[in-house]
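Enquirer: Residue numbers (this note's numbering), protein chains in the order written: chain F, 1 to 274; chain V, 1 to 429; chain S, 1 to 288.
Just so you know, these hints were derived from the structure itself, not from any lab. The structure presented is a predicted model; accordingly, all values stated were derived computationally and were not measured.
Some chain S residues well away from chain V (every beta-carbon gap over 10 Å; in silico): (1) G61; (2) R65; (3) G184; (4) P187; (5) F218.
Listed below are the simulated EDC-like cross-link pairs for lysine to aspartate or glutamate, each with C-alpha atoms no more than 20 Å apart in a straight line: (6) V/K49 with F/E53; (7) V/K395 with S/E54; (8) F/K219 with V/E68; (9) V/K239 with V/D229; (10) V/K395 with S/D53; (11) V/K49 with F/E218; (12) V/K367 with V/D353; (13) V/K66 with F/E218; (14) V/K49 with F/D56; (15) V/K66 with F/D216; (16) V/K267 with S/D122.
For the chain F half of the interface with chain S, some residues (derived, Cβ under 7 Å), not all of them: (17) P20; (18) L113; (19) P114; (20) V117; (21) P141; (22) L144; (23) Q156; (24) R159; (25) P176; (26) P190; (27) V230; (28) G253.
Beta carbons are placed, not taken as given, at the ideal position from N, Cα and C, and that holds for glycine.
Here's the letter readout for the chains.
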Amino acid sequence: MRRVVWHGGVLVVLLVLLYPLVWLVSTSFKPAAEVVSTLALLPSKPTVGNYAEVVDGVGGYGVLHYFGNSLLIAVGAVVGNVVSCSLAAYAFGRLHFRGRGPLFGFMMITIMLPHHVVLIPQYVIFQQLGMVNTFWPLVLPKFLATDAFFVFLMVQFIRTLPRELDEAATLDGCGPVGTFRHVILPLLRPALITTAIFTFIWTWNDFFSQLIYLNDPEKFTLPLALQLFVDQATESAFGPMFAMSVLALLPIGLFFLAFQRFLVDGVATSGLKG
Amino acid sequence: MGRVARRATSGVLVAVSMGVAALAGCGGDSADGPVTLRFVWWGNEERAKVTRAAVDEFQRRNPDVKVETEYSGYDPYFQKLSTQVAGGASPDLLQLDRPTLGEYARRNVLADLDQYAGKSLRLDRISPNLLAGGKVDGKQYAVAAGQTTQALVLDPALFQAAGVNAPTEPGQSWTWTEFADAMNKIGAAGAVAGTTDFGWAIDWFEVWLRQHGKQLYTADGKLGFDAADLERYWTMVGKLRPTKGVTAPEVTTKQDGGLQNSGLITKQAASDVGYDSALTGYFATYGQSLKTAPLPSDNAAEPGMAALPPVSFAVGQRSKHKDAAVKLLDFLLNDPEAGKILGAARGVPPNEDIRAQVCGAATGGNKLVCDHQAAQKDKMGPAFGAWPTGSSAIKRDFQRTYDDVIFDRVSVGDAARRVVQDAQQSLGS
Amino acid sequence: MAYLFLSPWILGATLLTIGPMVASLYLSFTDYDLFSAPTWVGFDNYATLFTGDERFWHAAGVTARYVLISVPLKLGVALAVAMLLNRPRKGVGLYRSAFYAPSLLGASVSVALVWRAMFSTDGTVDRVLAAVGLDVGGWVDRPELALLTLVALAVWQFGAPMVIFLAGLKQVPRELHEAAAIDGAGPVRRFAGVTLPLLTPVILFNLVLETIHAFQAFTGAFVVSSGRGGPSDSTLLYTLYLYQRGFTDFRMGYASAMAWVLLVVVAVLTALVFRSARRWVFYAGEDR
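Only chain F is shown next, with the shape it has when bound in the complex:
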């Protein structure tokens, strides 16, 4: 009985929560003229015309091309963030060294400055490095732990791990590197998975930096291709844009569905007893 109430409750909440998404999907099946002129949920005459236009491509390339570019950048960013942020987080969370407090404080400061004002100096740097119009400005920073968000996230998780574990590892003859590899990393899995999921999704959706650094339609990603349908000064093709938004959701939806299961096994089921 409690189970039924639980499922029922969750479903009602979800219904409200997902309504805008349903509207988005449904609108992608509306004929072009209806997309902007009506707010109705259902299309008067459902059509796949918008999807056909997306499949035809935009900006001179097929839609799969943009999927490929987005995927490449997102995967690169995931690898970079997971590796570099966990290293930095271990140092901040566990090791004692001179200047730990000030450096940590500085790292927190870096996420407090609105990025619009560092945009141009950063662009200058990548311009000097000859990296504009390549994927490097989008991936390289991830390997250098510039996403302080994730460093801080992992620091917070590491600090919840009992110190006795480190001490046991030290007794077993592990140095910091060994402790990191054999004790911390396995226990940090929920935070690593979280980092991977967020990095993937946020990179996938990131419009601003991809806009600034990628010039050539050949290098364009999904968010850039998406906005090729829209121009406030001329006539926008909102129908195909909605269709492409829906298509762009699928990979990250699947990615989340696939990876969220790993969130389930935390300390309780894996580390401690092993």
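Assemble the complex: chain F is given as a structure, and chains V and S must be docked to it using the hints.
Expert: Using the frame of chain F, we list chains V and S on its own:
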């Protein structure tokens, strides 16, 4: 770490403080060998297709010139362009509009085209009225990529249903009183408002000012009107609001010149004030029955309308290949083949020979544009002068303050005074 | 040894972060129009900000309201849903994904259009409210309500803090719960006595990060109001005004000054939270 950090920091500082833009590529033309041009614009996929086709034709004829094209929507375009220019990566040929032309030209981003005019850049088939739109401080910094003028876009069925006539035939005109009566009648008929409230956009105020012998900005970049003028104008528009002659505040506030929010397109008004270059979009989105009328004027001798560039092309001041960029510009403007490919993607063609050719073969939305141009030929005066630096802020503050007016947060008089005050501050900076 | 682990971060900070930050600090003392060399003006930008710019104070007020409403709501919803989903039920993975789905969208043009459709006159919310007798009309185009639509958008996308809460909840050893249950603690006491204390590091994280993010909220307001912060400046968030100043008014020096003012405010607030955290955050791995 300290030393490296300091070096990186000082590097960036030096670059920024010297004006990075000034550092990169001040060199003259290297005429020899193959050159690569970067050509950027904003617009939709349709505009991109024809522009790229024209560029392809140019490359076919000039194998030593490679043209890289970039395009995007309006807001991202300017976000990216300003970052690129600031970062020293200015494009060679770029597209600007009225609010941005002055801002860019007066900050030395654009090349003075006068030295090319009449030589590699042929301007003789473009009317002086239109060329005036590309001049800043008397110099030709940009050339119109097309021609547009103001229009009242209307749905004749809604006008007829309210028993109202609009001057849609060539040569016809109307006064502000006739216009107001017509809008009120449509509003009273109940289905929709007469027209989308047009008080928000400084563009239409500029027309009204010209009708009254004034201007938005003087030639030396000062404000050409006072608070009393604006108060009179906004009071005139405001009288239409309670009677549904113009749309309700909730509709008005989301206007941004784009089609998707327009009162006509969203079926909340029987007409829109706009530029005829947008007509192809209206035609495709709203339907084929649309007609156009001139803007009203109480001054028969001065309709206030202008032959304007919807967008202009300009050459980057720091371009290393100005000659090649001018060659491409000339091709886009004057080549019959290019004209045929480009059609009315940026308003009717600026070159009058090509315009005659394109309009002769026009159908659908393009025909609507051409017809409006032909019908309003005698009403179009010279293009308004380029707006001064600070005008982007003024344009935005104008709309923001109008929001306060329509939501009754401030009296019209106070609002007008605030606009003038803010504007003087923006111009001073 | 620690510096070995830190080396990527140090490299990134020196190469990509410090230079641009110092540059922006320098620019905040200059008149810089993006295209010409900056000219030193001392504290002029700051003086204008505090004494001669009504919109600055207006934007600060809008942002304060936005932060105060959206952060607690978002965190509350995220924690509640995380608790709801933190149990071994059939299909719980699917539910988790469904609750995360709104956050997949980010803030693109399509989200803006969806949101406008939900909250405009005759939009979904208007109709639902009208059906129960509340005739408010559209939200998104009304100065007094528009900010709430942005709050709703932020809260709707509560997926990130929810996932972090879930990951934190998974870190709570089940043995502790079992032990507490054997001691006769009910679900409420087990939550207050076991779960909550162990969750405090994650709560601290979410609180700090969501607050920082809310102060910098930009994209939602930018896309929903087409970059203007309307109607009547009611959604003119601080960063949006900063952006307008920097990129549409070509006053990047002024925008940089705004950025550093925001940084100081947020840093002070964060420091206060961290200080208070000594009293309420419990680290299992801390040397005591």
